[in-house]
Amino acid sequence: DAGVTQSPTHLIKTRGQQVTLRCSPKSGHDTVSWYQQALGQGPQFIFQYYEEEERQRGNFPDRFSGHQFPNYSSELNVNALLLGDSALYLCASSSPGTHQETQYFGPGTRLLVL
Amino acid sequence: RKEVEQDPGPFNVPEGATVAFNCTYSNSASQSFFWYRQDCRKEPKLLMSVYSSGNEDGRFTAQLNRASQYISLLIRDSKLSDSATYLCVPYTGRRALTFGSGTRLQVQP
Numbered sequence: 005d006a007g008v009t010q011s012p013t014h015l016i017k018t019r020g021q022q023v024t025l026r027c028s029p030k031s032g033h034d035t036v037s038w039y040q041q042a043l044g045q046g047p048q049f050i051f052q053y054y055e056e057e058e059r060q061r062g063n064f065p066d067r068f069s070g071h072q073f074p075n076y077s078s079e080l081n082v083n084a085l086l087l088g089d090s091a092l093y094l095c096a097s098s099s100p101g102t103h104q105e106t107q108y109f110g111p112g113t114r115l116l117v118l
Numbered sequence: 105r106k107e108v109e110q111d112p113g114p115f116n117v118p119e120g121a122t123v124a125f126n127c128t129y130s131n132s133a134s135q136s137f138f139w140y141r142q143d144c145r146k147e148p149k150l151l152m153s154v155y156s157s158g159n160e161d162g163r164f165t166a167q168l169n170r171a172s173q174y175i176s177l178l179i180r181d182s183k184l185s186d187s188a189t190y191l192c193v194p195y196t197g198r199r200a201l202t203f204g205s206g207t208r209l210q211v212q213p
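Chains as they are written, first to last, in my numbering: chain S, 5 to 118; chain E, 105 to 213.
Hints should not be assumed to be uniformly reliable.
[To be verified] Listed next, the stretches of chain E that the computed footprint assigns to chain S, with coverage defined by at least 3 CB atoms under 8 angstroms from CB atoms of chain S:
1) 144-154
2) 199-210
[Claimed, not checked] Simulated pairs of lysine-lysine, DSBU-like, Cα-Cα distance not exceeding 30 angstroms:
3) E:K149 x E:K183
4) S:K30 x E:K149
5) E:K146 x S:K17
These aren't lab readings, by the way, just hints derived from the structure by calculation. No residue lacks a Cβ here, since even glycine has one placed at the ideal position from N, Cα and C.
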């Protein structure tokens with residue numbers, strides 16, 4: 005049973021560039037959430053996708069956008085990268101049918117903006 | 105006041121010791137709680153879910169005090185492999201999880 009997968013594992017970009025991160029949810033899950041984790045902090049919620057629509061968004065600027073595909077996989081796009089966007093980006097999947105919508109995390113993409 | 109507050113630690117304990125962390129939360133509507141463990145440079149992994157007054161799973165016990173709005177995690181007979189950051193997550197029924205900054209545990213030989 006495949007867990008949550010993310011790609012790439014690591015990425016280096018320069019300020020002003022754009023980046024796309026990818027996530028495939030755990031088998032049987034149809035909901036994908038994205039989180040940003042800065043060093044020494046807990047993960048911060050960016051947004052959640054369900055049925056190919058963004059259904060909740062955290063306190064992140066419009067530079068952060070996403071998409072969900074019919075196979076439930078998802079992308080996170082960040083435009084006009086800033087140094088402060090350097091972080092671990094985590095994808096979590098869940099299913100509304102499960103108790104408390106428990107979220108399971110992928111290994112993350114570590115983004116460094118220079 | 106932050107939604108979730110945790111003592112960042114680190115808690116340095118010898119193998120075999122018992123250690124406890126507290127997590128305070130501000131939203132009294134929190135229905136249940138999750139404890140995640142996160143190893144260095146890895147993703148958070150679900151350790152325990154707490155739906156009522158507490159939960160126990162082997163060496164790990166979580167206890168909830170709704171009146172004082174805190175939840176604790178007790179680890180008995182600490183192992184070297186328990187070294188990690190422990191993240192507290194109150195669940196309010198919203199889809200977004202709100203994490204504390206975590207408590208770092210270092211178990212020493």
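Hint check:
1. Chain S is given as covering the stretch 144-154 of chain E, and this holds because 7 residues of the stretch bring a CB closer than 8 angstroms to a CB of that chain, at least three being needed.
2. Judged by the Cβ-Cβ criterion of 8 angstroms, the stretch 199-210 of chain E is covered by chain S as claimed, because 8 of its residues qualify and three suffice.
3. In summary, the hint linking E:K149 to E:K183 is supported, as the alpha carbons are separated by about 17 angstroms, within the 30 angstroms threshold.
4. A distance of roughly 14 angstroms separates the Cα atoms of S:K30 and E:K149; the hinted pair therefore holds under the 30 angstroms criterion.
5. A hinted pair counts as satisfied when its Cα atoms are at most 30 angstroms apart, and E:K146 with S:K17 qualifies at roughly 21 angstroms.
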